[in-house]
Each structure stands twice: as C-alpha cells, then as structure tokens.
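As a plain string of letters, each chain reads:
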Amino acid sequence: EPEVTQTPSHQVTQMGQEVILRCVPISNHLYFYWYRQILGQKVEFLVSFYNNEISEKSEIFDDQFSVERPDGSNFTLKIRSTKLEDSAMYFCASSAATGTHYEQYFGPGTRLTVT
Amino acid sequence: AQSVTQPDIHITVSEGASLELRCNYSYGATPYLFWYVQSPGQGLQLLLKYFSGDTLVQGIKGFEAEFKRSQSSFNLRKPSVHWSDAAEYFCAVGVPDDTDKLIFGTGTRLQVFP
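Top to bottom, those sequences are chains A and B. Under the numbering used here, the letters of the first sequence match residues 1 to 115, in that order. Under the numbering used here, the letters of the second sequence match residues 1001 to 1114, in that order.
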C-alpha cells in the first residue's frame, strides 16, 4: 500500500540553525500538508500546498517557515532559524484532491528537538 | 473558531474489554469528523470518517463511531479491545468546503493490559 515517508525520523539542532524536513508524498497525490504537534498539545495545521504554491497557511507559519517541492517527489519544510519553541513532531500529509472530505494520508513524523 | 476536545488523555483497559473514547467538537454546523490512530513509529492512520447520513459509522479494525448532533460528539467505540489496539487516538474535524485543514484534538493514549 502506498505511504507517505518522512526523513529524518529525529532531528536535533541548535537554536538559530536552519533545518529542512523532508517528505515523500504518495506518488499520484497533488495536495500536500504540514502539521505539527508540540509535546502534550494538539496536532496543528501549518500549511497546505498545491500546484507549486501555498494554498493555505496558519498563523504559526510565519516568515521563518517555507515549503518547497524541489522535484517531482519530495516536499520539504524549511525552518530558517530555529527557536526552542519549534521543538515538536512534524507530520507531512498528502491527498488526492482538495477539501477535507478527501482522506489525508499522514507520514510517521519527524521529531525536531531544538537545543 | 472550530475546536476539538478529547477529555481523556490516557485510558487503560484490559484486553477483551469494551472501549469508548470521547470526542467533542465546537462548530456552528455539522463538520466532517474523523478518527485517526497512531501506533509507535507510524503515521496517523484513518480509522473512520463521518460526512453525512447514518450517524453510526463503521471503520477499520473493528472500530465504530457515533455522531450525536445534540451533544456535538463523535465517540469512538470498540466492543472488545485487542492488545494491538494500544496506540494514540486522535479525533479531528474538517470544515466543509472552506478549508483543507484538519483540526485535531490532543489525543488519547490507550494502554491495553493482558
């Protein structure tokens, strides 16, 4: 069964450093998402992406964050200058079409630890 | 604004016992409703979803959920829990035709004792 994959599974970085989290969505999907979960808190929507542009973003997704689909398979989330409060589990998801009545398939997540 | 509440952070049941995980939402109309499960090291897997129609929906792995509009609830149930059901369970809502984002609860961690 096709699945969303994410690398790395765990990333440790120092405050102020740039990190890139990578995701490979399901191959025929067109819509891509990033969510995050700070320990003990809710899973929160960050951004959705379609046709090489952001279609929606939350207030969390500020100028420190960017997303990119650099080739036909990868979907990346970059945090330009990490802060301690960016420590969280980051989930990538993809779906075949837009609208939440279409299933979003999630990856296993990348745990980001900022020290 | 829409929100989802899962009142139980951690639930422990014996294998073979019945299970009910609670989920309440806040939204002016009927949202799309979902239950996801996350096993250790795995992604969030969709268990079941409700869009409209029959308020009792069946999902994978023997789970079911019932939408109760009067209580703004979408509780997840299973008549007999298996040790492999130990995982984190997330309730989520989607707003029809308005956005792609899912709004999640904080999750309920299920522990199963043999």
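Simulated from the structure, these hints should not be mistaken for lab results. Even for Gly, the Cβ is constructed at its ideal location relative to N, Cα and C. Take these hints with a grain of salt, some might be off.
Stated by the list, open to error - One side of the interface only, derived from the structure: several residues of chain B facing chain A at Cβ under 7 Å:
| no. | residue |
| --- | --- |
| 1 | S1039 |
| 2 | G1043 |
| 3 | L1044 |
| 4 | D1100 |
| 5 | T1106 |
| 6 | R1109 |
| 7 | F1113 |
Q. With a cut-off of 7 Å, does the beta carbon of G1043/B approach a beta carbon of chain A closely enough for the hint to hold?
A. 4 Å, holds
(Q) Under 7 Å is the threshold here; is the Cβ of S1039/B close enough to any Cβ of chain A for the hint to stand? (A) 9 Å, violated
Q) Minimum Cβ distance from D1100/B to chain A below 7 Å? A) 4 Å, holds
Q) Going by Cβ atoms only, is R1109/B closer than 7 Å to chain A? A) 11 Å, violated
Q) Minimum Cβ distance from L1044/B to chain A below 7 Å? A) 4 Å, holds
Q) Per the CB criterion, is T1106/B less than 7 Å away from chain A? A) T1106/B check passes; min Cβ-Cβ to chain A is 5 Å, inside 7 Å.
Q.
For the restraint on F1113/B, tell me whether the closest CB of chain A is nearer than 7 Å.
A. Violated, about 24 Å.
This entry does not satisfy hints 1, 6 and 7, going by the numbered hints stated previously.
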